[in-house]
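Turn these sequences into a full structure, and let the hints steer you where they fit.
These protein sequence lines map, in sequence, to chains A and B.
For the first sequence, my numbering begins at 23 and goes up steadily by one.
For the second sequence, my numbering begins at 24 and goes up steadily by one.
Quick partial rundown of chain A residues pointing at chain B, CB under 10 Å, derived from the structure:
| id | residue |
| --- | --- |
| 1 | G34 |
| 2 | S55 |
| 3 | G116 |
| 4 | I130 |
| 5 | R160 |
| 6 | S175 |
| 7 | V176 |
If the Cβ cut is set under 8 Å, some of the chain A residues that face chain B in the computed set are:
| id | residue |
| --- | --- |
| 8 | Y51 |
| 9 | A118 |
| 10 | L121 |
| 11 | G159 |
For the record, the hints were derived by calculation from the structure and aren't laboratory data.
Using N, Cα and C, we set each Cβ at its ideal position, and we do this for glycine too.
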Amino acid sequence: MVGTDQEVLVAGIGEMVVTNNPNAALVAYGLGSCVALAIWDPKARVAGLAHFMLPSGPLTNPPVKFVDSGLPQFFSEFRRRGGDLRRAQMKAAGGAAMLAVMASTLEIGKRNAEALQAALGQHGLRLHNSDLGGKAGRTVQLEGSTGRLLVKSVTSVSVL
Amino acid sequence: MYAPTTSPAASQALERTFERAMGAAGRALAEMSGHAIEVVATEVARTTARHVVDAAGGAGTVVVGIYVGITGSVDGHALLILQPEGARKLAALLLDGFAEPGPLEVDEFGVPSLDELELSALREVGNVTVGAFLNEVGRHLDEPVVVTVPIAVSDMAGAILDGVLADLTVESDDVLAARTSFINNGETIEGAVLVLPRQASLAALTLALGAA
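As structure tokens, then:
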């Protein structure tokens, strides 16, 4: 998935990566109930990827563990790098129910996806494309040059 | 290597508990399968889940996870993590004499697929292995430790763990981890036993084991 000359920036759980290097690949590995939000400004070529873990909670370190407190941090960093949210494309993936027997876990994936869409709505923004829910893990990769979001699971690869 | 978060004395107490538990797990698996299976905890630590995922090859690495919920005097989650090839070998040992192993099918992503019979055998391995540890824990506590029916999932390590961590994260992402070897006829199958208690349970558990 990653070219040999690409800079690879990895967003671990609760972490975000933002870059204005169009040759970068932004990756979040092994999303289960977590949700990744990818934003890309096609004019400024600024790309960002946030790896949220839970719907709501206080601002923490790492900064985007929670959707509600982490999203403003993510947007702030995106703007600081020269990105403009008004023209940015937004895509999301994750929010799966990995261990269906655990009712609370089942809910967390769904609640993460719902919280993200609601939080974007509060900022007057919406998702342009998404791959949310299901029962399979996902690895996502945002291409800094094109804004394409590759979504890979154990059984499939798709492009958003 | 797992990066430990405890003192050497606490680590030794944990090691002794895992050693006794894995010894019991090996005896139970040997009895069930009719094969000489030894289970050894080669490295034990109280660490973070992230270190365990990294040690398993990273969040995107496909593994087989056998999940067991924990209730009773200790509340939380437990997982046995195996590489797919090792999981299949372990399942074959348990199914020997009951079912012929099917041909190894590898999907287009290079991941060996497991059939329902193999997954069933692995659920039992997880049940026995995690249950042995919790039985050891139960000996040190006043109330019994109860486990849920195990479930087996083949997916990315990070994806299997993040739902469990999300359930605990407002409290802690500390885990008790044991790198575990299943040994049969000189062949070693590597795995990891993870115990993820809620914060209050972790304190009670480590105190009871002398690993606080």
